[in-house]
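Chemist: Protein sequence lines correspond, in order, to chains A and B. Here our numbering is used: position 94 in the first sequence is 94, and no number is missing along the way. Here our numbering is used: position 198 in the second sequence is 198, and no number is missing along the way.
Among these hints, one or two may not hold up.
Think about it this way: if two alpha-carbon atoms lie no more than 30 Å apart in a straight line, the pair counts; the simulated DSS-like pairs of lysine-lysine are [unchecked claim]: (1) B:K577 x A:K94; (2) B:K372 x A:K94; (3) A:K94 x B:K478; (4) B:K159 x B:K144; (5) B:K473 x A:K100; (6) A:K53 x B:K315; (7) B:K372 x B:K113; (8) A:K94 x B:K465; (9) B:K556 x B:K587; (10) B:K550 x A:K94.
Keep in mind that the hints were calculated from the coordinates and are not lab data. What you are looking at is a predicted structure, and each value in this text was computed from that prediction instead of being measured.
Spelled out from the first residue to the last, the chains are:
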Amino acid sequence: MSLSAGEMRQKVLEIIAPWKGRRGGLIPILQALQGLMGYVAEPAVKIVSEELKIPMSEIYGVATFYAQFHLTPRGRHIIRVCRGTACHVRGSLKILEAVKEQTGCPENGTTEDLRFSLEPVACLGACGLAPVMLVDSQTFGRLTPEGVSGILAQFV
Amino acid sequence: MPIYRAHVLVCNGTGCSSNHAGAVTAKLKTELERQHLSNEVLVVPTGCHGMCEMGPVVVVYPEGTFYCQVKEDDVPKLVEEHLLKGRPVDALMYKGKETTAVPNYKDIPFYGKQNRIALQNCGYINPENIEEYIARDGYVGLAKALGEMSPQQVIDEVKKSGLRGRGGGGFPTGTKWSFCAASPGPKKYVICNADEGDPGAFMDRSILEGDPHAVLEGMAIGAYAMGADEGYIYCRAEYPLAIVRLHQAINKAEEYGLLGQNILNSGFNFTLHIKEGAGAFVCGEETALMASIEGQRGMPRPRPPFPAVSGLWAKPSNINNVETWANVPQILSKGGDWYASLGTEKSKGTKVFALTGKVKHTGLVEVPMGIKLREIIFDIGGGILNDREFKAVQIGGPSGGCLTKDQLDTPITYESLPPLGAIMGSGGLVVMDEDNCMVDIARFFLEFTQRESCGKCTPCREGTKQMLLLLEKICSGKGEMKDIDLLEELGNMVKNMSLCGLGQTAPNPVLTTLRYFRHEYEAHIKEHRCPAGACQALLSYTIVQTACKKCGLCAKNCPVQCIPGGRTEGYTIDAEKCIKCGTCFTKCPFNAISKG
Ligand SMILES: Cc1cc2nc3c(=O)[nH]c(=O)nc-3n(C[C@H](O)[C@H](O)[C@H](O)COP(=O)(O)O)c2cc1C
Ligand code: SF4
Ligand code: SF4
Ligand code: SF4
Ligand code: FES
Ligand code: FES
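Based on the sequences and whatever the hints tell you, model everything.
Modeler: Structure below.
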C-alpha cells in the first residue's frame, strides 16, 4: 500500500489518538501500524515516539521482542509453515523445504518480487490435520511435498 | 420463533473449515431451500467436534447421526435421503474397524470414553448465538453466584470441586482465588491466559471458538468471588477466529446484562477487554503476560511478589487458563461435589487433550483424570497410523517428557507424571512411531525453547544454546560419548537455576529421552546410525539389486538426477550427489530401495 507522507501521518495520528494519556497502548499501536503498512515503518515509529513521548529505543525494544512485528516490507502473500510438534512428527520439515525450493524464499525472508514471505511458525492450532500451512488466512492441511506447488500457484 | 423438526450441525472449526466446511454449509442451505425444507430444518454452524481429521463433520439431530468427510457434492443426497425421506445415508457415516457404518455419535469409539465438561457445548451450539448457550443452562452458574451466594461461598464451592489449573502448573484454583480475594484494595483484575503457545496443542483455541461464553461466564464468577471489576483475555494473534468470536460474545453478553454494569441487577460490575498477543511463547508465563498487557517487552520477573498481591499495573490480579475458566460455570451450577466425583483422589474432574501425531484418529478429547495413556491412544485414538509400532508419547509439550510403552498403563494424574520425568502440561499428546527419532525430537524441542528463551537469565539463555549445539552434533553423526554426560549436566543446571518455568522445564524432553531412549543416542554416536532413519545427515539410500526390477521409476523421479543406469544394466545411486530427499524410496513400486 503506498501512502503519501501526509496521508500516512494522518492515519498514524488517528491510530495513536485513543491512546493519548492511557497506558498499555504500544503493542496495539504497533499492531495497527503493521495493519496499515504491512510492516512497522520507521517514519511511522518516529511519529509515535514524538506524539506519545516514548523513546525510539523503547519502541524498537518492544517491536523486536515480539515475533509478530516486521521492520521491513513483506510479500503480498505470507506463507506460514507449521513447525509445531504434531506437524514435525508428520514431516513438516519436508514441507518447509519444498516451499523454500518452490519459491526461492529464505526462512523469515521475502522474495525479491515481493510475492511471498515465508515464516516458519510453531503450531497453527490445526494439529489434527498435520502437516499444516497457512497462506494468508487460508489453512491447508494433510500436506505432501508434492502438493505444495499446486497450492502456491493459487497465489500470484 | 419457528420450531424446527431437525437441526443440522455443521462444524465450522478451523480444521473442518480448511476442508471446505464453508461450502458444505452454503450448499446445505441452498438444497434445503430447493426442497422447501428451510422452515423445518435449521442449519447450525458450530465449533470443533474434536474429530477434525475426519472433517468436515455434520451431525443431524434429533437422531444424532454423525456424518464425516462430507463433500459439497454429497449434500443433495444427504438432504433428499435423510432430511426429506428420513433415511440416513450409510455411505457418509463413520466407518469403524469392521467397516460397518456407525450411525450414532455416542457409539463411535472416539467418543465412547470421553466425558465432555469443558467441551460440553463445542460442536453442539452456534457459538455466535448467546441464546443457544443460555438454552444449555448458560449463565445459570453466574446467576446462582450473584443471587444466592457470597463471594466466600463461591470460593468454597470451587475449592470443594478440587479443580486445578489446566494451564500446566496444576495449582488448586480455589486456593489461588482465596489469595487474591484476601488482598486488600478496591481495584483488582482477573485475567484469562489464552496464549496457548505449546506447539501441538489446540484445546484452548477450540473452546474459545466453539463456546466463548463459557469462558466469559467463568471469568465473571471469578471476578465476583475475588472482588475484581475488570478483566483481560490475552489471546494469541494467531487465533483470528477466536478473537472475533470473543468480541461478539462480549458485546452480546453486555447487551443481555450479563457483563458490564449492575449485572443481573445484583449491583456487581464487570467489564472485559481483549488483548492480542504478539507472538512470543514466554508471554504465556503469567508475569511476562502481564508485562505484555502493560505494553512492555514480555519478560518474566521473579516471584514474590505474586500476582495475587501485585500483578497487572501493580494491583492484585488472578490469572487462569481458558480451560480452567470454562469449567467454573458448571461447578457453580451443578456443585463442587459433582465435579469432585469425577477423576481420582487428588486430580479431580476431566482434562482436555490434543491427541496428535501418528495415531489413527487425531483430535481433541476430554477424558476423566486417571485414565490410562493406553486408553487414550488405542481405544479413543484407534491405535497407530498404518498399524506401525508405537514408540513413544510426548506429554506436556516443550516442558514435558517422552514416555514409552512401559508407561502406557500409568493413570494420568498430576501426581503420577513428574516421577516419570513428564508433566501434565497443557494437554498436548504427541504420539510417535518407529519412524520418529528420539534424539531428533529432543533436538526439535530444544530448538523451540532456545529460540523462545527471552534471554533474561544466563542459565536458560546460554545453557539451552549449548545443549542445542550438542544435540545438533549428535544428530549429524559427530557426537562423542562424553556429550551425553555433558547434556545431562547442563540439563540439570538449566533446570535448577533458571528464573521462570520456560528454563526450568526446557531440559525435560532431553532428560527423558536420555532416560528411556539412551540406546538411540548411542547408536548415533557409536555407530553413526539413526535407527529410525530420520536424521538426514546419517541417512543413505541404496538400491537392493536383487529386488530391483529395473523399471527406472526412481531415476526418472530423482530431483538431482543422481541415479544413473538404464533398463538393461540396472540402476545405482550416486551417494555423493544424493540430497537424501527420499523420493526414490517412496516411488519405488517394488520396495527395492533401502534406507539406513
Ligand atoms: C514459558 C511458559 C509458558 C506458558 N504458557 C502458558 C499458556 O500458553 N497458557 C496457559 O494457560 N498457561 C501458560 N503458562 C502457565 C502460566 O504461567 C500460569 O501458570 C497459568 O496461566 C495459570 O493458570 P491456571 O492456574 O488456570 O493453570 C506458561 C508458563 C510458562 C513458564
Ligand atoms: S528462564 Fe529463560 S525464558 Fe525464563 S526468564 Fe530466564 S531466560 Fe527468560
Ligand atoms: S534420495 Fe532423492 S536425491 Fe537421493 S537418490 Fe533418491 S531421489 Fe535422488
Ligand atoms: S524404482 Fe525400484 S525397481 Fe524401479 S529401478 Fe528404481 S529401484 Fe529398481
Ligand atoms: S503442530 Fe502444526 S498445527 Fe499444531
Ligand atoms: S474443526 Fe471440525 S471437528 Fe475439529
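Chemist: Indicate, hint by hint, whether the structure satisfies it.
Modeler: Each hint tested on the structure:
1. B:K577 x A:K94: Roughly 19 Å separates the two Cα atoms, so the pair holds.
2. B:K372 x A:K94: Violated - the C-alpha atoms of A:K94 and B:K372 are around 33 Å apart, more than 30 Å.
3. A:K94 x B:K478: Holds, at roughly 23 Å.
4. B:K159 x B:K144: 17 Å, holds
5. B:K473 x A:K100: 24 Å, holds
6. A:K53 x B:K315: 25 Å, holds
7. B:K372 x B:K113: Roughly 11 Å separates the two Cα atoms, so the pair holds.
8. A:K94 x B:K465: 24 Å, holds
9. B:K556 x B:K587: 10 Å, holds
10. B:K550 x A:K94: 27 Å, holds
The structure is inconsistent with hint 2 alone, although it conforms to all the rest.
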